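There are 2 protein chains.
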Amino acid sequence: MTPEATLARFREYMVGPARFMNVLSCFELGIIDTLRESPGMTAAKLGAAIGAKPDAVEQLLHLPVKDGLLAYDETSGGYSLDALASVAKADLRRALTYLNMIKVVALRQLFYLTDSVRTGGVVGLKELYGYEGTLYGAVAEHQDLRESWATLMDTVTARIDPWFFDHVDIPPGSRVLDLAGNTGLGAINTYQLKKSPGLKVTTFDLPEKEEECLENFREHGVAEHCTFIGGDVFEGVPQGFDIVLIKHFLDMFDKSDVVRILEGVNRSLEVGGQVNVMVPVYPENIKDTDNYNVDFFPAFFIGCTMGQGGPQKLSTYRTWLEECGFRVTKAITRDSAEIPPDVIPIPAVLCATKTA
Amino acid sequence: MTPEATLARFREYMVGPARFMNVLSCFELGIIDTLRESPGMTAAKLGAAIGAKPDAVEQLLHLPVKDGLLAYDETSGGYSLDALASVAKADLRRALTYLNMIKVVALRQLFYLTDSVRTGGVVGLKELYGYEGTLYGAVAEHQDLRESWATLMDTVTARIDPWFFDHVDIPPGSRVLDLAGNTGLGAINTYQLKKSPGLKVTTFDLPEKEEECLENFREHGVAEHCTFIGGDVFEGVPQGFDIVLIKHFLDMFDKSDVVRILEGVNRSLEVGGQVNVMVPVYPENIKDTDNYNVDFFPAFFIGCTMGQGGPQKLSTYRTWLEECGFRVTKAITRDSAEIPPDVIPIPAVLCATKTA
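Protein sequence lines correspond, in order, to chains A and B.
If you count the first sequence from 1, position 321 lands on 321 in this note's numbering, and the numbers rise without skipping.
Take any residue in the second sequence, note its place counting from 1, add 1000, and you have its number in this note's numbering.
Note that these hints are calculated values from the structure, not bench results.
Warning: the hint list may mix true and false statements.
Below, in silico cross-link-like pairs of lysine-lysine (PhoX-like), each with a Cα-Cα straight-line distance of 20 Å or less [as the list claims (entries may be wrong)]:
| id | chain 1 | residue 1 | chain 2 | residue 2 |
| --- | --- | --- | --- | --- |
| 1 | A | K53 | B | K1255 |
| 2 | A | K255 | B | K1045 |
| 3 | B | K1255 | B | K1313 |
Computed from a predicted structure; not experimentally measured.
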């Protein structure tokens, strides 16, 4: 890369935050919905419709016009949807759920990234919310964080869980533990997607999740088959299970904690017991330009959610599983062609068996 | 653009803030300087050198490796400068000055962009600093804003003023008014670059700038030729000048205020008097992908500095000057090939004469 190209790359970094909020703000202000219903409106009319000054509307619409999301007619001064017109509503809703989560959970917190790296804590949550701890604790206390985060995670789980269970073998009658299973959605999905006579699924998470989890089991009609155990994964994993699921969890930790988790799971299982991991992964070639995990997760995990963590390569997770007493029987990354182009995480599944 | 390409574009927006802080944080943490002095260091050694966990260092270095700024050697696990090695120090310093300004002045404030559009005020300054007003007032009270902002503006002025004065005719002995001339740097540049017998330059700005401005004149040895007048441009422009300079100012306002300023300047001049404007401009074709002003300034002016404003096209400024009683004698945009590739603003000069 020439010095000129390198400096141009810096300009790309510089405009990243402004581009992000400019486009999101056009949605938040209702400009896009208004134009969908009434194409051809001028900045003056849009301003009146959404309660903003026409000058500001005109300014904000330059970028979506430049990028081809909207069309601008020089003669009439009217705006209409261009590329946005042909994006399916569900796709656009999913993309906006991501944008909103990133705005609420990341945009301001990232300011403190360097301090978060130095301290190993999420300094942004402390500075902005007075909260000491991780995002997963902060969401319990702060509605704005919870709504933007939970909305996204429900979307993600609903989209990815079917793929996960397609690739995971859960024999009839298995006793399954969903590690860090939050309020039971993963257990419910396990039961519904892998139903078999005698299948029992247990959500394991912090004791304060129990009430909501059991309520969810009742609501989904799976209370006979699903149970809850309260505890802390770093203090001990419950025994008596054939299969442990670890979904959306290992990427939250640095290696030392991932190893503690995997060793705890290993201790909890009999020889032959299985662990099935789902986790976003970096590409084996970190310079792969199709994979955006590298562009997002390091700053996101360290600066906005955990003060540590971040995904690894599939080969790294394989090695760590082997180091913790497992034999890896399957390790696959989802084909990126199966993932909507706006979605950042590229998930992998690793299945492993406890060796003698 | 296909729906797939549109959704992929949204992913680009999503990663913008994380990319921005990830790269800047590598500099803030001292990783880049450390690698410049000691190439080949591993994440473990870098962590020890800069006081951060190796896991976090490894995570943060994925993106600069992906983007070719750094090189990573799989065998040794060592990092070294790649493209960054051949960027001149002064260029890198300028780019970092921009990145730092955007971090301090924009990153968090942008969160409130939608509210800023709705209210016409900089909601981010109020929420984050308890400051009601514009960035230009806030910098007087908040050191972090002032340092990041003033450092950038001094860099910008030093780089752009020579080009401006190359294109502006200031006949010997002129009486020049530098409108909104802040603390005198523009007046000093005017005198030093356009020196002629009898040339007098006056900085016009808010009265509180007077002391620092006069001190600057003395320090630069131009106190005999430069003076200060305190006042508010919206209440009246001082008379008795042949030439008015308006630099880095019109882009801060919506059309109604730009017109008030230009009408005030027009009233202050005799027929034949001149106004010389320097302002960043949008390209005539807003879809021009070489021009990044559209990607940055709307969100920046509305959300982070003024709650209004933003550049216009050169043709728009020309029209506004004509509407305010001027004949435009020159209107040129700087050739983008003359501007370092990391620099966002593309400036223009408009020279105009008061008509009868």
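How the hints compare with the structure:
{"no.": "1", "hint": "A:K53 - B:K1255", "in the structure": "11 Å, holds"}
{"no.": "2", "hint": "A:K255 - B:K1045", "in the structure": "17 Å, holds"}
{"no.": "3", "hint": "B:K1255 - B:K1313", "in the structure": "12 Å, holds"}
Checked against the numbered hints given earlier, the structure satisfies every one of them.
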